[in-house]
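S.K.: Produce the entire structure from the sequences given, and follow the hints as far as they go.
Number of protein chains: 2
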Amino acid sequence: MQRPFVHPAVDDVSLESILYALADPVRLEIIKRIAGGTCAMNCSTAAPADLPKSTQSHHFQVLREAGLIRSERRGTEVVSVLRCTELEKRFPGVIGSILKASDKTKKKI
Amino acid sequence: MQRPFVHPAVDDVSLESILYALADPVRLEIIKRIAGGTCAMNCSTAAPADLPKSTQSHHFQVLREAGLIRSERRGTEVVSVLRCTELEKRFPGVIGSILKASDKTKKKI
DNA sequence: CGGATAGTTCAATAAAACCGAACTATTGAT
DNA sequence: ATCAATAGTTCGGTTTTATTGAACTATCCG
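Quick note, the sequences are listed as chains E and H, same order. Just so we're aligned: the first sequence equals residues 1 to 109 in the numbering used here. Just so we're aligned: the second sequence equals residues 1 to 109 in the numbering used here.
Derived by calculation from the structure, the hints in this document are not laboratory data. Don't take every hint at face value.
Claimed, not checked - Taking lysine-lysine and the DSS-like style, the derived pairs with C-alpha atoms no more than 25 Å apart in a straight line are:
hint, chain 1, residue 1, chain 2, residue 2
1, E, K32, E, K89
2, H, K89, E, K32
3, E, K100, H, K32
4, H, K53, H, K32
5, H, K32, H, K89
6, H, K104, E, K89
Given the structure is predicted, the values throughout are model-derived calculations rather than measurements.
M.R.: What follows is the structure, given as structure tokens:
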């Protein structure tokens, strides 16, 4: 009963949904990894290793429906990419500055 | 039994707490009004008119403890300002791009 | 003083996140 | 073609967080 993925049109993406999605530490980490990688990344690779799968799935749904990532089934896995060009056009500087700032809050341990 | 306000040092402000604080539509609206005004603004003026006072108070606490605003009691009211210079130094471009982007998501009614 | 104004605190309810368990879909080996 | 393994999804119950009415505090002004 696997439902197809829902991706909002870029003009329907709201700033608040993006901020909401990125406000969660796990989701921000996922986005950092996806943004840092060179090609589409599957969920298990992008998510923290110890994250329960149901939680992982939930976080990817939030990121997708917020408009941050585009996901595609590829065989048994789901690969996702950041919708960076579209988002930069819609909300200039927002994603970029957040990703840059996120490096500053590195673990101090 | 009114407790004194707690303002984190700018270096203790985390990106996630800022994103979390701004992800709420009411709080984003409050920040927009405070940022748009020329001088320190009291809570009732900055908050949407129909917002219950207890909710208003809660939202201001979140904004304050996230490090976004600095509040001060002035007689019977509490006035707040955006900590923009500090925040711009800590997370360059983040607040500015979000505020700019927030104009784009105007009500379509 | 007493009333008005501005905001806070508490406690109860409502909403949302989290995650284990059961499930689906695809692949690859036999 | 069947079977096991892999990757992710869905459901439902529990925990956590948000919201708000009611009672309270603190200050101002007449």
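S.K.: Against the structure shown, which of the earlier numbered hints fail to hold, in ascending order?
M.R.: Going through the list in order, the structure violates no hint and respects every one.
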